[in-house]
Amino acid sequence: MVGRTGASSSRTEARAAAPSRQRVDELVVEGVVKSYGTGARGTPRHLALAGVSLSVSRGRFVAVLGPSGCGKSTLLRLVAGLIEPDAGSISIFGESPRIACARKHVGFLAQSPALLPWRSVLGNVRLALELNRRASARRGVEPEELLAAVGLLDARDRYPHELSGGMQQRVALARAFAYDPAVLLMDEPFSALDELTRRRLCDELLALWERDRKTVLFVTHSVPEAILLSDAIVVMAGRPGRPEAVVPVGLPRPRPDAIEEQDEFHAIAREVRAILRAGGGAGGRG
Amino acid sequence: MGAADPGVRIGRSQPPAGQVAGAPAAAATRDRLSRVLPPLVALGGLGALWQLGGSRDPLVVPPLAGVVRALVEHSSYFLDNALTTLGEVGVGLGASTAVAFVLAVAMCEVRALERALMPLAVGLNVTPLVAVAPALVIAFGFGAVPKYVLTALIVFFPLLVNALAGLKSVDPGVLDLLRTMDASRLEVLVHLRLPSCVPHLFLAARVCVPLAVVGAVVAEFSAPGSARGLGSVIETAFSQSDLTTMYAATLVLAVLGIALAGLERAVEHRVVYWRSATLG
Numbered sequence: 001m002v003g004r005t006g007a008s009s010s011r012t013e014a015r016a017a018a019p020s021r022q023r024v025d026e027l028v029v030e031g032v033v034k035s036y037g038t039g040a041r042g043t044p045r046h047l048a049l050a051g052v053s054l055s056v057s058r059g060r061f062v063a064v065l066g067p068s069g070c071g072k073s074t075l076l077r078l079v080a081g082l083i084e085p086d087a088g089s090i091s092i093f094g095e096s097p098r099i100a101c102a103r104k105h106v107g108f109l110a111q112s113p114a115l116l117p118w119r120s121v122l123g124n125v126r127l128a129l130e131l132n133r134r135a136s137a138r139r140g141v142e143p144e145e146l147l148a149a150v151g152l153l154d155a156r157d158r159y160p161h162e163l164s165g166g167m168q169q170r171v172a173l174a175r176a177f178a179y180d181p182a183v184l185l186m187d188e189p190f191s192a193l194d195e196l197t198r199r200r201l202c203d204e205l206l207a208l209w210e211r212d213r214k215t216v217l218f219v220t221h222s223v224p225e226a227i228l229l230s231d232a233i234v235v236m237a238g239r240p241g242r243p244e245a246v247v248p249v250g251l252p253r254p255r256p257d258a259i260e261e262q263d264e265f266h267a268i269a270r271e272v273r274a275i276l277r278a279g280g281g282a283g284g285r286g
Numbered sequence: 001m002g003a004a005d006p007g008v009r010i011g012r013s014q015p016p017a018g019q020v021a022g023a024p025a026a027a028a029t030r031d032r033l034s035r036v037l038p039p040l041v042a043l044g045g046l047g048a049l050w051q052l053g054g055s056r057d058p059l060v061v062p063p064l065a066g067v068v069r070a071l072v073e074h075s076s077y078f079l080d081n082a083l084t085t086l087g088e089v090g091v092g093l094g095a096s097t098a099v100a101f102v103l104a105v106a107m108c109e110v111r112a113l114e115r116a117l118m119p120l121a122v123g124l125n126v127t128p129l130v131a132v133a134p135a136l137v138i139a140f141g142f143g144a145v146p147k148y149v150l151t152a153l154i155v156f157f158p159l160l161v162n163a164l165a166g167l168k169s170v171d172p173g174v175l176d177l178l179r180t181m182d183a184s185r186l187e188v189l190v191h192l193r194l195p196s197c198v199p200h201l202f203l204a205a206r207v208c209v210p211l212a213v214v215g216a217v218v219a220e221f222s223a224p225g226s227a228r229g230l231g232s233v234i235e236t237a238f239s240q241s242d243l244t245t246m247y248a249a250t251l252v253l254a255v256l257g258i259a260l261a262g263l264e265r266a267v268e269h270r271v272v273y274w275r276s277a278t279l280g
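Line order of the protein sequences matches chains A and B.
Note that the numbering used here numbers the first sequence so that position 50 is 50, with each residue one more than the last.
Note that the numbering used here numbers the second sequence so that position 117 is 117, with each residue one more than the last.
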C-alpha cells in the first residue's frame, strides 16, 4: 500500500476496522486538522489542513506535491513533531512523532541547509553522529564516505561560508543520511537551487537512498522532480489543504539520465498536472 | 537571413598571457596606499593645526611639540600610569564579561529569571554610572577596587543585552533540525546557542572597550590621592595647571583606545573565523 489518502470522513470504517493493531510498518496520518492564528480579536483562523489522512509503507519514496499554501510543509512539520495537530493523529511506524524523534528515527532536511557556520563540512556531518549515538555506534556509514557520495570529500575541511548553495545543501544531505533515521522528511530541499544543481542533487539523493531505501516524504512543487524521485506522488490541493489523489510512479530504478525524455515520464506529468489544475481552482497554478 | 538562422553568433578566444597575472599585485599596492594615505594626511593636518593654535595661545592649548617632548622625557611615567589604567580596563571588562555571559545563559534558559532581572539591568543602564564613582571610592577605598567596579558596571549592560540577543538569535532552521533530533537543552546550548553568542559578544566589545576606558579614567578622577593611572595623572596635573601633562596623558589615552580597538578586531577576526567573509 502506497500513499493511500482520503478525506477524514471517508475513512472512518478503515479506522474502526483496525483500532488497536499497531501499524508498525506504516507511517500513518489520520484525520489531521491544523489551523493557524489565535482566532481572538476577530483575526480569522487560517485552516492549513482540513482532515488529512495518508499512509505510507516502510521503504517507500513518496513525493508530496502541491501549489504554494496547500499545507504540504505544514503536513511535514506535523510528522516531524515540530508542531502539534489540532485534531487527528500521526504515527510513525507505531510511534508518535515525539517518541520517534526521541528514538532518533526522524531525519529532517529543509530548504535552508541549516549548517553550523563554525563547524567544517566534516564537523557538520559529524553533528548527526554526536546527536545519535546509535548511528555512531553502528558505524555503518562513515561521514567521509557520505561526503564522497555527494562529491565533497575534498571540501571536508572547508567552512559553510566558503561553499556555494548547492554544496551547502549537499552537506545537509550527507548529514541527514549520517543520522541514519528510519524516515527522512524533506521539505523542498532543493527549491533554492538552480535547475542543473538541483538535478545533480536529485541523482545524489537517489544514489544515497538506494543503499538502504529509507522511507522518505519529499515535499516539492516541482512536477519533474517528484516523478524523477518518487515511487508515488501525493497531489495536494489548497485552501484548505487536502490530499487530492495518489499518482503511482511505475518507472524502473535506478532511473537513467534520459528518463525525462521517456513517454511514461510525460504521461505521469500530464496526469499530475491535470489533477493540479482540477484541484487547485481557487488557490494555485500547478 | 534564412529561416534556420537564429540571429545569434558566439565566439571564444584566449586572453593574452601575462596580462591577467600581472594586474592584481599592482592593484593591491594601489589599494593599500589609497587606504592608508588619506587618514595619514588628515592626522598630519590636525597635528599642524594643533601646533599652530598652541603656538599662538599656549595657555588654551599647549603646542604639540611640547606635549610630544613631555611624553618622550617622561615616557616611563606615562607608560607606568597607562599600564595601571590598562589593568583596570582589563580586569573590569573581563569580570563584567564573565558575569554578564553567565547571567545571560541563565536568563536565556529560565524565562522567569529574565523577567525578574531585565528591569534591574535597564535601571542600571539609565543610571549615569559616573555619578556613582565617588560613592564607590568611599565604599572601597583609594585602591584599585573601585576602578574595577566602576569599569565593570559601565560595560555590564551592553554586554548582557548582546550576550542574551546572541543566545536567542539562533538560526531557526538549525533549531528545527535539533528539535527533530531530540537534542537536549544542554545540547542546543552547547552546539547552537553558545557559538551563536560569540559574534554578539565581540559586537558588544566594540562598544565596551572604549566605554571601559571611560569607566577607569572617571574612577581615577574621583580618587586622585592614589596617584595611579592616567586619570589620576590628569587630575593631579589639573590641580597644578600643568596643561602640557594633561594633554600628554589624554593623547596616551587616545593611543591606548586605538590599540585596544585594534586588538579587539584582531582577536575577533581569529575567533569568529566563520564570519570573516561577511564582516571583513
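FYI, nobody ran anything at the bench for these hints, they're computed from the structure.
There could be a bad hint or two in this list.
Claimed, not checked - FRET-style restraints, in silico, Cβ to Cβ: (1) 186(B) to 84(A): 20 to 30 angstroms; (2) 267(B) to 161(A): 45 to 55 angstroms; (3) 151(A) to 38(B): 41 to 51 angstroms; (4) 126(A) to 118(B): 54 to 64 angstroms; (5) 252(A) to 9(B): 37 to 47 angstroms; (6) 36(A) to 43(B): 34 to 44 angstroms; (7) 130(A) to 267(B): 22 to 32 angstroms; (8) 84(A) to 273(B): 54 to 64 angstroms; (9) 106(B) to 84(A): 23 to 33 angstroms.
As the list claims (entries may be wrong) - Residues on chain B that point at chain A, a partial pick, calculated with CB under 8 angstroms: (10) 13; (11) 174; (12) 179; (13) 183; (14) 187; (15) 189; (16) 235; (17) 236.
Where a beta carbon is used, it is the ideal one built from N, C-alpha and C, also for glycine.
Which numbered hints fail: 2, 4, 6, 8, 10, 15, 16, 17
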